[in-house]
Amino acid sequence: MIEVEALTKRYGSTTAVDGLTFTARPGTVTGFLGPNGAGKSTTMRVVVGLERPTSGTARVAGRRYADLPAPLHAVGVMLDARSVHPGRTAYKHLLAMAQTHGIGRARVREVIAQTGLEPAAHRRAGAFSLGMGQRLGIAGALLGDPATLILDEPVNGLDPDGVLWVRRLVRDLAAEGRTVLLSSHLMHELALCADRVVIIGRGRLLADASVQEVVDRSERAGTVRVRTTDPEPLARELLAAGAQVTPQEGGTLHVRGVSVDEVGTAARRCGATVLELGTESGSLEEAYLQLTGDAVEYRTADAAGGAR
Amino acid sequence: MSAATATPQTARATTARSGPTFGRVVAAEWTKLVSLRSPWWTAAVTVAVAGVITYLSAQASSGDPGFQPVGSLSTGLALAQIGPLVLGVLVGAGEFRTGASRTTFTLVPRRWPVLVAQVLAMAAFALVTAVLATAASVLGILPAAASRGIAVDLTSGDTPGLVLGMVLFLVVLALLGLALGALLRRTVPALVTALLVVLILPIVLMTAGDPLVGGADPPSIGLPDADPATTVLGTLAVLSPGGAAQLMTTSASAGPMPGSPDLGPVGGGLVLAAWVLVVLVAAAVRLRARDVR
Amino acid sequence: MTTVAPAARAAQRAPRGAPARTGPTPGRVLVAEWTKLTSVRAHAWLALGTVVATAGTAYGLGLFVRPDDGRSGSWVVTSGFVLAQLGLLVLGALVGTSDHTTGTARTTFAAVPRRLPVLGAQVAVTAVAALVTAVLALGASYLATAAARAGDAPALDLAVPGASRALLGFVLASVAVALLGLALGALLRRPADALVTGMVLAVVGDQLLAANPGRVTDTIRALLPSSGARLTQDDAALAVLDAATRGPQLGVWGGGVVVGAWVLVVLGAAAYRLRRHDVR
Chain G
1 MIEVEALTKR YGSTTAVDGL TFTARPGTVT GFLGPNGAGK STTMRVVVGL ERPTSGTARV
61 AGRRYADLPA PLHAVGVMLD ARSVHPGRTA YKHLLAMAQT HGIGRARVRE VIAQTGLEPA
121 AHRRAGAFSL GMGQRLGIAG ALLGDPATLI LDEPVNGLDP DGVLWVRRLV RDLAAEGRTV
181 LLSSHLMHEL ALCADRVVII GRGRLLADAS VQEVVDRSER AGTVRVRTTD PEPLARELLA
241 AGAQVTPQEG GTLHVRGVSV DEVGTAARRC GATVLELGTE SGSLEEAYLQ LTGDAVEYRT
301 ADAAGGAR
Chain U
1001 MSAATATPQT ARATTARSGP TFGRVVAAEW TKLVSLRSPW WTAAVTVAVA GVITYLSAQA
1061 SSGDPGFQPV GSLSTGLALA QIGPLVLGVL VGAGEFRTGA SRTTFTLVPR RWPVLVAQVL
1121 AMAAFALVTA VLATAASVLG ILPAAASRGI AVDLTSGDTP GLVLGMVLFL VVLALLGLAL
1181 GALLRRTVPA LVTALLVVLI LPIVLMTAGD PLVGGADPPS IGLPDADPAT TVLGTLAVLS
1241 PGGAAQLMTT SASAGPMPGS PDLGPVGGGL VLAAWVLVVL VAAAVRLRAR DVR
Chain H
2001 MTTVAPAARA AQRAPRGAPA RTGPTPGRVL VAEWTKLTSV RAHAWLALGT VVATAGTAYG
2061 LGLFVRPDDG RSGSWVVTSG FVLAQLGLLV LGALVGTSDH TTGTARTTFA AVPRRLPVLG
2121 AQVAVTAVAA LVTAVLALGA SYLATAAARA GDAPALDLAV PGASRALLGF VLASVAVALL
2181 GLALGALLRR PADALVTGMV LAVVGDQLLA ANPGRVTDTI RALLPSSGAR LTQDDAALAV
2241 LDAATRGPQL GVWGGGVVVG AWVLVVLGAA AYRLRRHDVR
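Chains as they are written, first to last, in the working numbering: chain G, 1 to 308; chain U, 1001 to 1293; chain H, 2001 to 2280.
If we strip away everything but chain G, and leave its shape as in the complex, we get (with noise of 0.2 angstroms):
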């Protein structure tokens, strides 16, 4: 469990997070999304004490983090694939953070094989790839066998193998009744594996929803679309009904304010023959695009236009 309360991190005169309150339930995945320099890492950095917030609280496990009395064991973290001294092995590494809190040798080794690493335990760290440093910071955070993860950005770099591995883990540590909270800028991806995502923009909470409500959210989703060899009658009888109609291309009609039933059944009253119907969804991409628009920090002009 985690929960995030009006919190508010600034540095000088720039606001990096403003008044951010959500929580991270057990047993929930929950996606941070927000773009570059919204704050998500910053969010992530206060939550586990490394730095300390301006105003508000962050709670693990219903404390401060630096009170926990075994913060491995209540919370495993990965922040940046590259928090690792280049001239130390894997397990050098692993161990060292093992032997704060008592954990065995036999669990270092168990995390290495579960995240794949064994052919590289006894590397020095600087000398891995993208991948492999990803794959050493997840052993990190698995580590204490912690009822909470915070994983930033886990997928960064990972070969497809690896993409799926790390969806398949998160399920499953949530399916445990673990809290999981998950940065990722791959939104297919996080759709696959979120329940809940919370999503800011400039340091401030634009949404916390469950992914399908979120979904929902984007303007195409619950628009009808039906195509339709005579599209001028069946536009007009939807108007009727008190449907928008947006004409498109091809005979096709792009209805909102009703629902595919009524669109069938109105296809029917004036005798147009429907070729295809069927209901547009929503992507969280989209979603996320539209509450996001106007707080990219950083965007291109053309991807500004792209956006709207």
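Worth flagging that the hints you see were computed from the coordinates, not collected in a lab.
Just so it is clear, the structure is predicted and the values come from calculations on it, not from any experiment.
Think of the CB as a built atom: it goes at the ideal place given N, C-alpha and C, for glycine as much as any other residue.
All clues given are correct.
Per label pair, the in silico range of CB-to-CB distance:
1) S2164/H with Q114/G: 50 to 58 angstroms
2) P1109/U with T2038/H: 34 to 42 angstroms
3) A1100/U with G2120/H: 32 to 40 angstroms
Following the hints, position chains U and H against chain G.
Chains U and H only, in chain G's frame:
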């Protein structure tokens, strides 16, 4: 955003497609140097330390009967020399430490022009710093000179040579640091080496040559030789980078240190320059022959 | 709320992890820091390099000692101290900064959020490593100067007042310099800054001030950490130093007190910064 922008891009690219000329590389290195904060801080500290230490030193010795203000001129450089040395190391090793070298050497695959350009940019930056630090040193001796009513004349005798030597001293030390950084590619080893050869080695050699530094009992020391013959230690001292550098901040008429061959400031400068050249060539060879991480 | 079903699963979850899941104790943090120190090969090379450089310096200087120098046998053995303190300063600074420069600080302080036990453990492991390195360097220096002491240089005579203390002092002063490096590293968090500051405080400042003897400069010299080098001198050499200075006379252990005070003050500042400031 694909089709629409692709056409103007190709048009733009066809106008000038020449690669990295040497002038461009120098301009790039200059931009890289002055766009960091550390060079400016280091330069400011160097100038301030030179002025303040010289002032304090001149004040401290202004009570001596034979006080010569110009004699205190280079005292601040004993500490201020660390500034350019460290700056050189940071710039020389910085690219490799941060991974910026990957960008740099994909842009300039021949590599060595980058090293030469770094030397030029660093020399220019260090020259400005050195002139300011020397000016600060001159300002530092003025109050002590005024208190004794001695006029400071920088144009007569050895003094112009001394001032020039002080400026070059700081510039060449910056280049030595740069060369060591470029050779060793890591800040800590390069910094340790630089501090070792410039600061520690002269102390060790001095300790060997001067029993008093080692804490010997004065009465048991034999009388100093009336005719100081050239000794092995003395020769090593002036041929080491640090000892040679120190010669550059002495007056031409000061005579040799005890036991050393009389190289004078020019000779000291040449010895130091030779060291810089050797290390730079080694760095260039490593740059050509070895992979860049 | 989609969380209802998983939350129910969470309630049924059996407690994981068989034995007691206790947190970081000072002893455990100490073991972890020892692993961190010994698992970086550069540290071992640095210690070895320090031993070799120290003995090499002592050997080189031993070649030039003549019987009428008035130097003692203990000086011949400890004369590599200048190099030893450089190496140990670097070692301490590396231990103090490497967490911050490599990003390991994120894992270290996430595991030990109270932070100060980490600094305490680093002090302990650095002291042990410095102690071992200094003892080895002293032993190597002793062997390296055996030929010189058999020749023109004076023999090592522990009956000379303060001679055995000078040998012990070599080790103590070395440990103190390593801890000063650690403290500066933990305070400044960047190795270059810590090294330059340490060098100025422990070596260069003293040399600079020695060029301008006087009451003020001699007092400052006495109060710099470089006074710790006095520990490596025997009684006669200390008497000469005290007779020459116009500042305070530090006596036999005064230099050690000065450098010890520096270590404590800088460590205090580092602890304050560690407690109060964010970790990157």
